[in-house]
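Q: Spelled out, the chains give:
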Amino acid sequence: MYRREQPVPTQACPAALYNNLCVLSLPAPRLTQFALVHGLNVQLLSATSDGLPVSQRQLHAKEGAGLSFPLITQAYWCVLPFRVLLVLTSQRGIQMYESDGSVMVYWHALDSGDAPPAQALFARGIAASGHYIFVGTWSGRVLVFDVPAKGPNIVLSEELDEHRVPITDIAAEPAQGQDCVADVVTADDSGLLCVWKSGPEFKLLTRISGFGSPCPSVRLWQGTVAAGYGDGQIRVFEASSGALHVQINAHARGVSALDLAPEAGKLLSGAEDSFVHIWKLSRNPDSGCIEVEHCHAECVTDTQVCGARFCDPRGSSFAVTGYDLPEILRYSCV
Amino acid sequence: MSVRSLPLLFLNLGGEMLYILDQRLRAQNIPADKARKDEWTEVDRKRVMNDIIATMFNKKFLEELFKPQELYSKKALRTIYDRLAHASIMRLNQASMDKLYDLMTMAFKYQVLLCPRPKDVLLVTFNHLDAIKDFIRDSPTIMNQVDETFRQVIEVYGCLSAGEFHLIRQTLLIFFQDMHIRVSIFLKDKVQNSNGRFVLPISGPVPWGTEVPGLIRLFNNKGEEVKKVEFKHGGHYVRAQSEGSFDLYGDRVLKLGTNMYSISRPVETHVSGASKNSALNTKERTAPNPLAKEELNFLARLMGGMEINKTSGPEPGFRLNLFTTDEEEEHAALTRPEELSYQVINIQAAQDQQRNEELTRIMGEFEVHDQPQQSTSKGDDLLAMMDEL
Numbered sequence: 001m002y003r004r005e006q007p008v009p010t011q012a013c014p015a016a017l018y019n020n021l022c023v024l025s026l027p028a029p030r031l032t033q034f035a036l037v038h039g040l041n042v043q044l045l046s047a048t049s050d051g052l053p054v055s056q057r058q059l060h061a062k063e064g065a066g067l068s069f070p071l072i073t074q075a076y077w078c079v080l081p082f083r084v085l086l087v088l089t090s091q092r093g094i095q096m097y098e099s100d101g102s103v104m105v106y107w108h109a110l111d112s113g114d115a116p117p118a119q120a121l122f123a124r125g126i127a128a129s130g131h132y133i134f135v136g137t138w139s140g141r142v143l144v145f146d147v148p149a150k151g152p153n154i155v156l157s158e159e160l161d162e163h164r165v166p167i168t169d170i171a172a173e174p175a176q177g178q179d180c181v182a183d184v185v186t187a188d189d190s191g192l193l194c195v196w197k198s199g200p201e202f203k204l205l206t207r208i209s210g211f212g213s214p215c216p217s218v219r220l221w222q223g224t225v226a227a228g229y230g231d232g233q234i235r236v237f238e239a240s241s242g243a244l245h246v247q248i249n250a251h252a253r254g255v256s257a258l259d260l261a262p263e264a265g266k267l268l269s270g271a272e273d274s275f276v277h278i279w280k281l282s283r284n285p286d287s288g289c290i291e292v293e294h295c296h297a298e299c300v301t302d303t304q305v306c307g308a309r310f311c312d313p314r315g316s317s318f319a320v321t322g323y324d325l326p327e328i329l330r331y332s333c334v
Numbered sequence: 001m002s003v004r005s006l007p008l009l010f011l012n013l014g015g016e017m018l019y020i021l022d023q024r025l026r027a028q029n030i031p032a033d034k035a036r037k038d039e040w041t042e043v044d045r046k047r048v049m050n051d052i053i054a055t056m057f058n059k060k061f062l063e064e065l066f067k068p069q070e071l072y073s074k075k076a077l078r079t080i081y082d083r084l085a086h087a088s089i090m091r092l093n094q095a096s097m098d099k100l101y102d103l104m105t106m107a108f109k110y111q112v113l114l115c116p117r118p119k120d121v122l123l124v125t126f127n128h129l130d131a132i133k134d135f136i137r138d139s140p141t142i143m144n145q146v147d148e149t150f151r152q153v154i155e156v157y158g159c160l161s162a163g164e165f166h167l168i169r170q171t172l173l174i175f176f177q178d179m180h181i182r183v184s185i186f187l188k189d190k191v192q193n194s195n196g197r198f199v200l201p202i203s204g205p206v207p208w209g210t211e212v213p214g215l216i217r218l219f220n221n222k223g224e225e226v227k228k229v230e231f232k233h234g235g236h237y238v239r240a241q242s243e244g245s246f247d248l249y250g251d252r253v254l255k256l257g258t259n260m261y262s263i264s265r266p267v268e269t270h271v272s273g274a275s276k277n278s279a280l281n282t283k284e285r286t287a288p289n290p291l292a293k294e295e296l297n298f299l300a301r302l303m304g305g306m307e308i309n310k311t312s313g314p315e316p317g318f319r320l321n322l323f324t325t326d327e328e329e330e331h332a333a334l335t336r337p338e339e340l341s342y343q344v345i346n347i348q349a350a351q352d353q354q355r356n357e358e359l360t361r362i363m364g365e366f367e368v369h370d371q372p373q374q375s376t377s378k379g380d381d382l383l384a385m386m387d388e389l
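Residue numbers (full-length UniProt numbering), protein chains in the order written: chain A, 1 to 334; chain B, 1 to 389.
Derived from the structure by calculation, the hints contain no laboratory data.
Please note: incorrect hints may appear among the correct ones.
As the list claims (entries may be wrong) - Beta-carbon label-pair distances, calculated as ranges:
hint, chain 1, residue 1, chain 2, residue 2, range
1, B, Gly204, A, Arg283, 33 to 39 Å
2, B, Arg239, A, Arg207, 29 to 35 Å
3, B, Glu42, A, Gly212, 46 to 52 Å
4, A, Thr48, B, Leu248, 57 to 63 Å
5, A, Gln6, B, Val199, 23 to 29 Å
6, A, Gly242, B, Thr141, 56 to 62 Å
7, A, Met1, B, Tyr249, 49 to 55 Å
8, A, Arg283, B, Gly209, 27 to 33 Å
9, B, Arg151, A, Gly242, 38 to 44 Å
10, A, Gln6, B, Arg137, 56 to 62 Å
11, B, Gly209, A, Pro148, 45 to 51 Å
Glycine included, each C-beta is placed from N, C-alpha and C at the ideal position.
With the rest of the complex left out, here is chain A:
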């Protein structure tokens, strides 16, 4: 169903972090941009549809007091109605750039105030919904930034205070609109999921408890929450009620990345067991319950997958990164 295409060589291998790949498709010219975190820096590459590298750039974490070389935890393109911002989270704070990484437009330093002594400090987990950008932190607090249509006047407008351990991932509903049941889901190291609805203030809709493993990656689609766990499980829940509808023994090691192709309801999962799976989400017309079927399995030999993304909203192509792998692997539908 999918065949491997020409990989895109990278200058450095990605770090073994969660969700370590972001993809941005540029319509004209037909280029795909990739972002991956090496640890001390972020690699931004753009390539043609044939996988030929066109340009690349490296970004570093902004230094602050203390550590001179802070590690970056995640890079993500936030697609907002009027602009696209590239957001980097690190051990020091949050950096927001224009989408090509050329100019930093905003910097937010992490508050280490009430941290216990053996606590690692970092920001991690990025998503965009409407004109908001959400970023998670080590304390479990989720920062909500209000982003204007242009300019650097980004403001921290709210802090969501439901989680108690470090945030792992945040996801937003791709189809925006008034009839959306839920807008954002946040996940943390204990596996707890919180589903939120936007409004004048963000409201907590549902809490879904963990199962003893972290939830490194989560996605939200049409009122469905799909979550991958550190013990290789994938679970799918009804967003409004938190009811578990599907449980999959999906991987033999921890899931490190999930992605969703919203136009087709396809789910992509990558894990440290070197496998990538594609699933199809649907709603049973009679019961209204969510169902999942397995579509495709891909073994990335001798590679612990750390990032996986669809390259288009129909899910006809996807890209994968792995620890110790100096290239971005690409696959497309035959």
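Following the hints, put chain B in place on chain A, whose structure we already have.
A: Relative to the frame of chain A, chain B by itself:
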């Protein structure tokens, strides 16, 4: 990122170092009655192992180590092992020390990567500690020190969550990034590919607490299971039989971290030449390193806690060679690729002054000795430099 990874890194790398040294010392062993004055005997070997282990588990040293702190660079850590390896009458040339460090780091990288669960890095640590206890079973004082450390590891790590172990694992893997040295014993056993990457099996038991992949379960709104569907996941996994013991004594089950060397399997490395990533590696190693001062402070505190028995009197230092012959060792020293050099804040750097501007700038902050010193006092000079900070 995790501020709890350093003790695990240190103890496991130390364990691997002891496996390698023990094997090499046995290989060069000469029966006491036949030995000349400059050859190794069984007594010498035991003494070296005891001295190194006693230094590794020194109370003050471990106190510093267990304080919550970020992981330091490979360069900083290498300095500690250099000092540790010279804690006794044994001496290692630069080339042998490089090879020792290569082997240690690649072995632990392999173990961390292949741990079924992130928490299993504790079982790897316990395997190393169990073996160390066996090395010094005849010395009750040192045995006490090791037992104390064992208890401290259990106390500090026993109650960490799965999420915290994931972070420790990620932090360790960042430390080992960009290291692809090929190790003969790994290549022979087919656990490493010729490109330096490790083989990840897709068969065998799943980690304890993980389900065998291949099943989709569907539920209704009442939480009742309505359908079970199997799918082909591509691997050949089976259930895990048992969980290893996290107590002071017990069957660890996991084999990672046990001694893979023996007399018949000599320690060899191929030092991988210019790789695709060598450009980036070199940039990172010779880039201006403001961290150097912080690292030196850490090293000073840590090594201040190391009680090194200075050899005095008539005893000469015995040189251990990690290669088969002296010629091989010399050849290795001459042909080691630049990007894999561990030298930075050391005497050696003085010789590179003309070639490397950045190192010159850093060295300019210290008083540099003109003549390269003998390896026996390398560690002393570093400490002396640190005293002047």
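Q: Hint by hint, note whether the structure agrees.
A: To see whether the hints hold, each was checked on the structure:
no., hint, in the structure
1, Gly204/B - Arg283/A: 33 to 39 Å, "37 Å, holds"
2, Arg239/B - Arg207/A: 29 to 35 Å, "32 Å, holds"
3, Glu42/B - Gly212/A: 46 to 52 Å, "50 Å, holds"
4, Thr48/A - Leu248/B: 57 to 63 Å, "59 Å, holds"
5, Gln6/A - Val199/B: 23 to 29 Å, "25 Å, holds"
6, Gly242/A - Thr141/B: 56 to 62 Å, "58 Å, holds"
7, Met1/A - Tyr249/B: 49 to 55 Å, "52 Å, holds"
8, Arg283/A - Gly209/B: 27 to 33 Å, "31 Å, holds"
9, Arg151/B - Gly242/A: 38 to 44 Å, "42 Å, holds"
10, Gln6/A - Arg137/B: 56 to 62 Å, "57 Å, holds"
11, Gly209/B - Pro148/A: 45 to 51 Å, "47 Å, holds"
The structure meets every hint from the earlier list without exception.
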